[in-house]
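Quick mapping for you: the protein sequence lines, in order, are chains A and B.
Quick note, in my numbering, the first sequence goes up one by one and the last residue is 627.
Quick note, in my numbering, the second sequence goes up one by one and the last residue is 1324.
Keep in mind the hints are simulated off the structure, nothing from the lab.
Hints are supplied without guarantee of correctness; some may be wrong.
[What the hints assert, rightly or not] Dumping the calculated SDA-like pairs for lysine to any residue here, alpha-carbon to alpha-carbon at most 25 Å:
no.	chain 1	residue 1	chain 2	residue 2
1	A	LYS472	B	MET1176
2	A	LYS283	B	MET1176
3	A	LYS503	A	LYS273
4	A	LYS483	A	ALA442
5	A	LYS234	A	GLY140
6	A	LYS273	B	ALA1048
7	A	LYS554	B	ARG1044
8	A	LYS158	A	ILE256
9	A	LYS472	A	ASP421
10	A	LYS259	A	ILE94
11	B	LYS1061	A	ILE256
12	A	LYS283	B	ASP1183
13	A	LYS342	A	LYS273
14	A	LYS398	A	LEU494
15	A	LYS228	A	LEU178
16	A	LYS228	B	ILE1057
17	B	LYS1061	A	ALA227
18	A	LYS234	B	GLN1047
19	A	LYS503	A	SER532
20	A	LYS220	B	ALA1048
21	A	LYS152	A	ALA227
22	A	LYS503	B	VAL1284
23	A	LYS228	B	ARG1044
24	A	LYS462	B	PRO1031
25	A	LYS533	B	ALA1037
26	A	LYS342	A	PHE493
27	A	LYS458	A	LEU470
28	A	LYS117	B	SER1042
29	B	LYS1061	A	ASP263
30	A	LYS228	B	LEU1059
31	A	LYS533	B	PRO1167
32	A	LYS342	B	LEU1163
33	A	LYS168	A	ASP263
34	A	LYS398	A	ILE260
35	A	LYS454	A	ASP467
36	A	LYS503	B	ALA1048
37	A	LYS259	A	ASP195
38	A	LYS533	A	GLY140
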Amino acid sequence: MRPSRVLLTFIAVLALVLPSLAACAPAPAPTPTPAPKAAEKPAEAKPAEQAKPAPTPTPVPAPSPTPTVAAKPAAPSRLVIVMGQQPDTLHPGIGSMMAKTEVEYALFAWPVVFNDKGEYIPWGVEQVPTLDNGGARFVGEGDDRHLEVTYKIKKGNKWHDGTPVTAKDMRYQWELYLDPKFPIADRSLIQKVYDVTVVDEQTAVYKFMSARQAREAAQKGFRGLDAKEYADFKDQKDPVVDPLYWTVGGYLPSHILSKIPADQQEASEFARKPIGNGPYKFKEWVPDQSITLEANPDFFLGAPKIQTVVFRIIKDTNAQLAALQAGEVDVVTQVQGPDLDKAPELDRLAAQGTYKPYYIPGTPWEHIDFNLDNEHLKDVRVRKAIAHAINREQLVEKVLYGKSRVAHSWIMPGSPAWAYDESCLVKYEYNPEKAKQLLAEAGYKPGPDGILVKDGKKLTLKLSTTDAALRKTTAQIIQQQLKQVGIDLQLEFLPGRGLFETKGPLRQRTFELGMYTWLSLPDPDRIDYMHSKNIPSPANNFTGNNFPGWRNPKADQLAVRGSQSLSEKERKPIYCELQRLWTDELPVLPLFQRVVVTVARANLENYRPTGSSTPETWNIHEWVLRS
Amino acid sequence: MGTFLLRRLIQTVVLLLIISAFVFFLINLAPGGPFDALVFGSPRVSQAHLERLNQLIGLDKPWYIRYFSWLRNVVVGDWGTSWGVAYGQPVLTVIAERLPATVLLMGTALLLSLLIALPIGIYSALRQYSWVDYVVTALSFFGIAMPTFWFGIMLIIIFAVVLKDTPFQLPTGGMMTPGMGFDLADRVRHLILPVAVLSLFNVAQWSRFMRSSMLEILNQDYMRTARAKGLREQVVILKHGLRNALIPIITIIGLEIPALVSGAVVTEFIFSWPGMGQVFFQAVFASDWPVVQGIVVITACVVILSNLLADILYAVADPRIRYS
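Construct all of the structure, not just a fragment, from the sequences and the given hints.
Here it is as structure tokens:
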């Protein structure tokens, strides 16, 4: 045979063999999760928008979890949950990735959980300890007066190796989290605790610092932590409190971890293969691929109905969509998941009836910081003009597909409910005429190219933000809208790191307008960006988040009083007044609430995503796949 | 040859030192550390706390001091610990966990590409200007121009979604079905699409190289001599032609070997393949400098050594070349 014939034959054989390799490979193993039939009912016109009010912090006293019956072993079944990122560790105390929190809530059952209704509910303990129900109380007099918070661990709350969870485990967690060598992400709450007393097996008392102890810590440091980390308490006169004091309690398996020094915990086996007390036990972690968990039949709140849970890492959002359309996965979490630009595809998927997307206005809120030291922006009329010139309703319609709402304050509706009060807010409706009027009052006249000019200087401003697709679209729309009133807005897109780093424009206060997202906590206290002492500068080592540079002595006073009081009655008028000042002087223009997007199978019951930093998996033991 | 090798090896060590220092310096010019954005997720964190977190991973010292510590540790086998991708895990472990997956993917793509590209290239050359040649040429241009990220997603949509519930359905990504033990058929099915994407570009390129190399050889005088001597066509093409045409191909393959280690970021990302490319990408975005430094140095090492290997093979294949 001629060589060319040989070659041709060879190529032809390859061309036939390769595809048939695919065809002849055994058919895909049928996914154990029952594939739901096509929609029986007509497709919903719009996916159910979860118009839930964002969370309130009032703790709910009476517990009502699923009754602790003797668990029947669940019928073998499997759920595949997608995350766009993998956790950097599974140690509960290290790192702050949402990816970790999703898996963590399946492995651990913490004392108190913040649920989808915005309530703090008792999970691992008998009740959420508050001043109202007596679980927390003030003890002592004068300089030694301090807050004591008592936790009573539920019977049956056990680690996966059978050892019961005890008060010693609570004390151990406090010791570890205060160890200077332990790389905990955020100890701002727990560092306020002076001691944790073990009363008996089930009961632990957390004692917050008294004024005297706090001042001492600000002088000499505490348990190896630097005095610098207690600088706020230099002149403390009242007992140290925190508006979310009932969330301070936690536990870790001390019988395993106390053997490992604080600086070696990150490298320990526990950090990659944790032993928890939650509805699922750790089975396997294939790096960058999947984390597999098995049901814990002895879970004290009731055995989970689904036997195996697999967290699958799919990084690309298009690949995530394809996995949904191919029916390979059951749940897609918010962790680097599809953003709102995929909403049309998700709604199409919903119309087929197999999956249900959830769009939840979440606690993160998008906003624009004004740098109050800028020559133009220091005039409040310019800031108000900008507020009137931006059509925020249109932004929500166009950029968020109408699945969110405009924000008017740093407090979201319902977050907490007692603090959000429309009557306390100055609102800015879309009114370009009013904007032009304000600018004219401020002394600006239109120049030959339509851009406003004052004292020979053009009204040119620069908006700095990150290069995420949603932000770029938002920024460009705002640019157009400001042009209508004569403001020339330049846009600067930086990578996330570039905007947020210590040497970046926000912290160094070299920005003019900055657009980014803040989390709204379930408490209105944001002294970190309200108070003038929190304006980052060389003098204070660039501490604080008051990037606009807002200096208002009345606001300072109110912010301090609000952060130190625990009484809702006392705080309500304080935050009403603070919101009035803030929305009137407008150091920050709130834009809209960000939306948490998550997708789950239509037949997955009890899937209750929250929109807060509590992950979708918080009640995973209640999830049921109906066939 | 011996002196040549010795010289090259010394050059390798010097090069690696320069590269590692330069990369370390460049990395540290990049803005921010791993904890800078922490306050945006945890607003109550104080600057003093951030400083302590930085101190725990050694970021409070200037870059040149950190470089010498790194160098000193590397010599005894400690490449540092990750502080982004896998907090607390040794860098070498992070790399070792991803290397096999990368080698499997890139190695399979390499082999398959060679098996397809070489015969196609040779046939194109033998049958220059035939319709097969034109078709192959057109497909080659298509393959070279096709962006990986688009082509990859298209393949996923076709084979996972459109062909759903048919025997031709393929998985959307990953190296294996989670929960399944080692199952050869499962692994092969997961390999098909990413290998296809990677191979497309390689086949397109290498078949062109093979074709032009072969064409050049076919026009040589000694080919005419061989035929004139009365040798069979097969022997003429394979023994006298192909052997010589393969020489430039050796160089090309030599340059491809580093890809076995460094992986292909876009393909790995799209197919969620747990390889070196995507972990490098992750590490850069997480400001995980120890992992970035580790991967860059290892890749540099492989590049230098594979160039050396290509040079040696070149000398072996071509008797006209001798090193001194």
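Are the Cα positions of A:LYS472 and A:ASP421 separated by 25 Å at most?
32 Å, violated
Next pair to validate is A:LYS458 with A:LEU470; report whether the Cα-Cα distance is within 25 Å.
Answer violated: A:LYS458 to A:LEU470 is near 29 Å, above 25 Å.
Holds or violated: A:LYS283 to B:ASP1183, with C-alpha atoms at most 25 Å apart
Holds, at about 19 Å.
Measure nothing beyond the straight line between the CA atoms of A:LYS533 and B:PRO1167; if it is 25 Å or shorter, mark the hint as holding.
67 Å, violated
Is A:LYS228 close enough to B:ILE1057, meaning Cα to Cα at most 25 Å?
Distance of about 19 Å is within 25 Å: holds.
Pair hint outcome, A:LYS168 versus A:ASP263 [Cα-Cα no greater than 25 Å]:
It holds: about 21 Å lies between the C-alpha atoms, which stays within 25 Å.
Taken at face value, is the distance from the CA of A:ALA442 to the CA of A:LYS483 at most 25 Å?
17 Å, holds
Are the Cα atoms of A:LYS533 and B:ALA1037 separated by 25 Å or less?
21 Å, holds
Do the alpha carbons of A:LYS342 and A:PHE493 lie within 25 Å of each other, as the hint requires?
Distance of about 22 Å is within 25 Å: holds.
Within a Cα-Cα threshold of 25 Å, do A:LYS454 and A:ASP467 meet the stated pairing?
Outside the cut-off at roughly 32 Å; violated.
Pair hint A:LYS220 and B:ALA1048, alpha-carbon separation not exceeding 25 Å
OK: A:LYS220 and B:ALA1048 at ~15 Å, within 25 Å.
Need the status of pair A:LYS228, B:LEU1059: alpha-carbon distance at most 25 Å?
19 Å, holds
The structure fails hints 1, 3, 6, 9, 11, 13, 21, 27, 31, 34, 35 and 38 (numbered hints given earlier, in ascending order).
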